[in-house]
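Novice: Sequence:
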Amino acid sequence: DALFLALRRVKADLNADINTRLEQSARIIQRTPDEVLPALVLAATWFDNAARDADIIRRNAITHPGFVPVIPLKVPVQ
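Numbering follows UniProt numbering, in which position 18 of the sequence shown is assigned residue number 18; successive positions increment by one, without gaps.
Honestly, I wouldn't trust all of these hints.
[To be verified] In silico lysine to aspartate or glutamate, EDC-like type, Cα no more than 16 angstroms apart, as pairs:
1) Lys11 with Asp34
2) Lys74 with Asp34
3) Lys74 with Asp53
[Said to hold, decoys possible] Ranges between beta-carbon positions, derived for each pair:
4) His64 with Phe4: 50 to 58 angstroms
5) Leu7 with Asp34: 46 to 54 angstroms
6) Asn15 with Pro65: 30 to 38 angstroms
7) Lys11 with Val70: 39 to 47 angstroms
8) Glu35 with Phe4: 53 to 61 angstroms
9) Asp48 with Ile71: 46 to 54 angstroms
10) Leu7 with Trp46: 38 to 46 angstroms
11) Pro69 with Asp1: 24 to 32 angstroms
12) Asn19 with Ile71: 27 to 35 angstroms
13) Leu5 with Gln78: 14 to 22 angstroms
14) Asn15 with Lys74: 23 to 31 angstroms
15) Val10 with Thr63: 55 to 63 angstroms
16) Trp46 with Leu5: 43 to 51 angstroms
Hints are computed from structural coordinates only; laboratory data are not their basis. Ideal Cβ placement from N, Cα and C applies to all residues, glycine included.
Kindly produce the complete structure, drawing on both the sequences and the hints.
Specialist: Here it is as structure tokens:
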């Protein structure tokens, strides 16, 4: 029956999506900056890539990217 096959496909896709999201969240660590710094400087220091400042800002709901507070921040492992 077509409905059964469609529901089975939705279930498989949902399980695959959940597994992908769990794998991504497992690669998150917490790092604490030594001092108040711009997100751009943290990204350049931690990842050797200043363009990843948006990732730090987004994951941690930083209100002003020029002043990242000295608190534990969620960042990707790589």
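Novice: Check the structure against each numbered hint from earlier and tell me which ones fail, lowest number first.
Specialist: When the structure is compared with the hints, numbers 1, 9, 11, 13 and 15 turn out to be violated.
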